[in-house]
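Given chain A, work out where chain B should sit, using these hints.
There are 2 protein chains.
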Amino acid sequence: MAWKIAIDAMGGDKGPAPLIQGALLAAAESGSEIILVGDEHLLAAEMKIHTNGGLPFGIRHAPQVIEMQESPAAAFRKKKAASIRVAVEMVQADEADAVISAGHTGATLMAATLILKTLPGLDRAAIATLLPTMQGHTILIDIGANVDCKPTHLYQFGIMGSAYATHVLQRERPRVGMLSIGEEDNKGNETTKEAFQLLRKSSLNFVGNVEAKAVYRGCADVIVCDGFIGNIALKISESFAEMTESFLKKAFMRDARSRLGYLLLKPSLSHLKHQMDYAEYGGAPLLGVNGTCIIAHGASSAKAIKNAIGLAERLLTHHVNTHIQEDLAANGDIQELNPKKVSLWRHIRGSIPFSRERDDLEPEEPA
Amino acid sequence: MAWKIAIDAMGGDKGPAPLIQGALLAAAESGSEIILVGDEHLLAAEMKIHTNGGLPFGIRHAPQVIEMQESPAAAFRKKKAASIRVAVEMVQADEADAVISAGHTGATLMAATLILKTLPGLDRAAIATLLPTMQGHTILIDIGANVDCKPTHLYQFGIMGSAYATHVLQRERPRVGMLSIGEEDNKGNETTKEAFQLLRKSSLNFVGNVEAKAVYRGCADVIVCDGFIGNIALKISESFAEMTESFLKKAFMRDARSRLGYLLLKPSLSHLKHQMDYAEYGGAPLLGVNGTCIIAHGASSAKAIKNAIGLAERLLTHHVNTHIQEDLAANGDIQELNPKKVSLWRHIRGSIPFSRERDDLEPEEPA
Chain A
1039 MAWKIAIDAM
1049 GGDKGPAPLI
1059 QGALLAAAES
1069 GSEIILVGDE
1079 HLLAAEMKIH
1089 TNGGLPFGIR
1099 HAPQVIEMQE
1109 SPAAAFRKKK
1119 AASIRVAVEM
1129 VQADEADAVI
1139 SAGHTGATLM
1149 AATLILKTLP
1159 GLDRAAIATL
1169 LPTMQGHTIL
1179 IDIGANVDCK
1189 PTHLYQFGIM
1199 GSAYATHVLQ
1209 RERPRVGMLS
1219 IGEEDNKGNE
1229 TTKEAFQLLR
1239 KSSLNFVGNV
1249 EAKAVYRGCA
1259 DVIVCDGFIG
1269 NIALKISESF
1279 AEMTESFLKK
1289 AFMRDARSRL
1299 GYLLLKPSLS
1309 HLKHQMDYAE
1319 YGGAPLLGVN
1329 GTCIIAHGAS
1339 SAKAIKNAIG
1349 LAERLLTHHV
1359 NTHIQEDLAA
1369 NGDIQELNPK
1379 KVSLWRHIRG
1389 SIPFSRERDD
1399 LEPEEPA
Chain B
1039 MAWKIAIDAM
1049 GGDKGPAPLI
1059 QGALLAAAES
1069 GSEIILVGDE
1079 HLLAAEMKIH
1089 TNGGLPFGIR
1099 HAPQVIEMQE
1109 SPAAAFRKKK
1119 AASIRVAVEM
1129 VQADEADAVI
1139 SAGHTGATLM
1149 AATLILKTLP
1159 GLDRAAIATL
1169 LPTMQGHTIL
1179 IDIGANVDCK
1189 PTHLYQFGIM
1199 GSAYATHVLQ
1209 RERPRVGMLS
1219 IGEEDNKGNE
1229 TTKEAFQLLR
1239 KSSLNFVGNV
1249 EAKAVYRGCA
1259 DVIVCDGFIG
1269 NIALKISESF
1279 AEMTESFLKK
1289 AFMRDARSRL
1299 GYLLLKPSLS
1309 HLKHQMDYAE
1319 YGGAPLLGVN
1329 GTCIIAHGAS
1339 SAKAIKNAIG
1349 LAERLLTHHV
1359 NTHIQEDLAA
1369 NGDIQELNPK
1379 KVSLWRHIRG
1389 SIPFSRERDD
1399 LEPEEPA
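As they're listed, the protein sequences go chains A and B.
Sequential numbering from 1039 applies to the first sequence in my numbering.
Sequential numbering from 1039 applies to the second sequence in my numbering.
Since the hints were made in silico from the structure, they are not lab data.
Note that the coordinates shown come from a computational prediction; the quantities given were computed from them, not determined experimentally.
One or more of the hints may lead you astray.
No copy is singled out in the list; a pair is fine if it fits within one copy or between any two copies.
[Said to hold, decoys possible] No farther apart than 35 Å at their CA atoms in a straight line, the calculated lysine-lysine pairs in the DSBU-like style are these:
#: 1; residue 1: 1225; residue 2: 1188
#: 2; residue 1: 1251; residue 2: 1117
#: 3; residue 1: 1155; residue 2: 1117
#: 4; residue 1: 1287; residue 2: 1225
In isolation and in its complexed conformation, chain A is listed as follows (with noise of 0.2 Å):
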């Protein structure tokens, strides 16, 4: 099927032009309508270079950028037409069903949850990732959106993880577990030990605590983590690879005969590399926003955003948003468990006859 999808085209490291040629591939192959959104001119300019009289793009005018130095909060407010606003306004206005940014992360948070808003029954939105192990992809949620989590926010995670997982990646009945720091239940912080029973609770296949030594094992289909440990996980990874590359460099280059076995072993690394490349799947989705939006690398070529876009539709074709909504309704009880939230309120309501049905009284977990 064929979606609207709007670029923030001043995002990226590299300037429009990956994402230009990004969304040139991924409307060649799925017909989706592309709207670059950004300075006009310069759009126009770029897309001349790119496109020889093909390919009929929309262009939305938005003058402003937010630069990767700005406080996302300041920016936000002052830049009403910066491009990742007026893309993410765009979705809100249903004059596109998505959107992609590899621009400043912290302003498409920022956006993307004041304009859209979370939606109805999440307190907060999450970014997944997917992460490659031994036995294809795990997502990891959340990598970053959110720094201090209470333990409903975990387990509204497993939640998103859960639909993302059954409904993209096509896995039955996903496992979900908690990143922990060992796998017997009443391992972890206060946070996840009591996140952990509200998901053990939970019509989720929940497998329990997830070792951070066995993340790469590819035990779990979903991982569960507050963001600011979702991070770090995420990103000395990432520093472990860069430092086994320049050490395996140095090690294939340390003589003749070493420089001879790496050219004999090059194309075997080749395929080792596409197999751990972060372009093949493009981006991560921000979840539990009302609408559709893509956090792509800052460096992301057009590949990268090719399939940013791809994931984007597939987001969009399997009703993500509408599945992850149904599993909340469907364990609509299990955020009432969390002992510190209901305490009091269980106590009073428990003791009015009849009031068992007033859920509508419950009061709102504070922000």
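Here is chain B on its own, set in the frame of chain A:
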């Protein structure tokens, strides 16, 4: 200088053999006196295999063992003659200068903190490990002794890590960083942001936040984090290494050409493996206890045990515990800067004339 080192000879995944072999290697090198703690009949029999009338090791009888699946708290209470407990008690009674354990980490932690207690002025002990980086090694502290930390704990980990780096790794004015999700001063979660302020005001060479993506570049000598996060950072790196090794092996065996390339590269790769081998540094000190305690890997080889003993000797020779206390004293007013802790007391005290010097009146922070 020669020391008396107690080894929990019943701990370790491979039985007492590598522990005894490692102890023999260390004693031959440094002349330290080794006391094997465990079942005396079993150890005497094992000793006969390894020494032919050679080094006179002491044996301290401790017939009980804390098994890996036991709860550390329950086992510690019940098993008064457990080898780890007896070994730690020897340090407490000055019958040994240090204890080495490759057994149950939780039980070692429990025995060390309950029997030796923390150094005066410290709230918590923390495990400091060495990470290989592109520029030598970095100390990561804490990697699992504390799962829910307060800002003052992270500050204290900085003091301990810095003393370790200065006196054992011989780094002048070691750079102390805080593991976080961005380099900017205001990035982090609630705990790290408060700890950031304490560290900045301290006498340490605090270099600010260190992003996870920069950890293996070696941009700091000491990286501070809570034990939940440190454990995940360390273990997910191990997991990534495991996956990379498995993928590389497949790439090396992919076809005849690759296999030949691998054969040529083998010496170079062995050299690389040696560079990244944990056995080279043997173990991780549990810093902050009133004594010297090294936690070695469960699967430690004889070489790893020898190096763990060497590490204990260096901690003792360089009086690291004394330096930690000196650095704490030199930063005596820092912990009072924790706003949540001092607010009320400061307000009261500030209103009493001439009470400024009465620091002995400062109430202790509840544990």
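Structure-based check of each hint:
1. 1225 / 1188: both (17 Å within a copy, 19 Å between copies)
2. 1251 / 1117: between (44 Å within a copy, 30 Å between copies)
3. 1155 / 1117: For residue 1155 and residue 1117, the Cα distance is within 35 Å only inside one copy (19 Å; across copies 56 Å).
4. 1287 / 1225: between (39 Å within a copy, 33 Å between copies)
Hint violations for this structure: none, all hints satisfied.
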